[in-house]
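Asks: Converting from the sequence shown to the numbering used here requires adding 67 to each position, the first position being numbered 1.
Derived from the structure by calculation, the hints contain no laboratory data.
What you are looking at is a predicted structure, and each value in this text was computed from that prediction instead of being measured.
There's no promise every hint is true.
DEER-style ranges, computed between Cβ atoms [unchecked claim]:
#	residue 1	residue 2	range
1	N319	T150	47 to 53 Å
2	S210	R355	35 to 41 Å
3	D134	R347	54 to 60 Å
4	G298	S207	24 to 30 Å
5	F301	T182	19 to 25 Å
6	F301	L130	27 to 33 Å
7	H365	G241	41 to 47 Å
Yeah, the Cβ is synthetic: ideal placement off N, Cα and C, and Gly gets one too.
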Amino acid sequence: MKWRTGCLMLCLMVVLPLGSKALAAEAATDEKVTNLSTQVVLDDVQAAEIGREHAASLPSGPLYLVDGELVGDENLTVYHETTYVSLPEFVLALQPDASVCWDGSQVVVQASGLTMTAKPGNCYIEANGRALHVPDGVLSLNSSTLVPIRTAAQAMGASVDWDQENSMISVHSGTGAITPAESYYDSDDLYWLSHIINAESGGEPLEGKLAVGTVILNRVSSPRFQNTIYGVVFAPNQFTPASTGAIYREPNAESVLAAKLCLEGVRVGGESLYFVNPTRAPNSWAARNRPYVTTIGHHSFYA
């Protein structure tokens with residue numbers, strides 16, 4: 068009995084120190100875990116702070132790149148599959164020292180080598196005297212004037228592409244603004260095209276004027292007609308104003324605009340080569356012999 072009691076006491080003496088060491092080790096482990104958890108929480112907080120600071124440093128709104136720098140545009144939108152940007156923000160991103168102001172009904176831009184205007188609702192913007200087509204029109208959103216980014220870039224002599232790495236539009240500044248009208252348009256072509264458009268369709272809507280201009284330029288491109296605007300206009304028995312002298316009347320502003328847009332590449336009426344006023348000529352040769360294309364205003368067009 069004494070032996071058993073002594074043995075039990077000896078075992079307790081051995082076990083108790085071992086248990087104390089185990090508890091101490093466990094406590095140390097808990098402390099390490101606690102310290103590690105605390106560090107993880109601190110790291111998360113720091114990361115969140117850094118993230119907030121980074122987010123705060125980013126421009127607001129949808130982003131695009133201009134010469135590698137992020138530009139934010141809260142009004143950037145896609146309309147009819149065309150990306151529109153706020154014209155003032157775009158101009159200032161490319162030329163920070165440019166002047167951009169609102170002049171009654173339109174935005175007016177004065178920048179290095181560039182004068183540009185854009186009026187909401189118009190199907191074009193003017194840049195250095197040239198007319199740049201905006202098929203879906205200049206937009207107004209949140210008191211800002213929006214134009215297609217490619218049209219704005221063209222006016223400023225910049226280029227636009229897609230940055231694959233950053234998955235966003237990238238704009239690259241060029242060496243100068245768009246070539247001015249006096250250097251871009253052939254003066255004789257602009258003169259005669261605007262005059263024939265005015266003489267034949269001065270009272271028609273802009274679309275009708277563009278369609279008449281398209282007929283003239285389609286003829287220039289066709290081997291069946293003269294290869295210059297002057298030659299087409301003054302070909303015998305083709306355009307009445309050329310023989311009556313009405314062609315020499317000063318064209319109105321919209322006829323000049325239509326001529327510029329046509330010389331920029333705008334076409335209305337497809338491959339039309341003829342047009343007639345069906346009220347004045349109900350049984351015209353074109354109506355009897357050529358494929359009908361469309362009617363715009365008072366004119367029917369034929370290919």
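Asks: Compare the structure with each hint and give your call.
Replies: Right, here's what the structure says about each hint:
Remark: the range hint 47 to 53 Å for N319 to T150 is contradicted by a beta-carbon distance near 34 Å. For the pair S210 and R355, the supplied restraint of 35 to 41 Å is violated, since their beta-carbon distance comes to about 54 Å. Between D134 and R347 the beta carbons are some 57 Å apart, a value that agrees with the proposed interval 54 to 60 Å. For the hinted restraint 24 to 30 Å between G298 and S207, the CB-CB distance of approximately 43 Å leaves it violated.
The supplied range of 19 to 25 Å is broken by F301 and T182, whose beta-carbon atoms lie about 35 Å from each other. For the hinted restraint 27 to 33 Å between F301 and L130, the CB-CB distance of approximately 54 Å leaves it violated. For H365 and G241, the hinted distance range of 41 to 47 Å is satisfied, since their beta carbons lie about 43 Å from each other.
Hint compliance for this structure: hints 1, 2, 4, 5, 6 are broken, all remaining hints hold.
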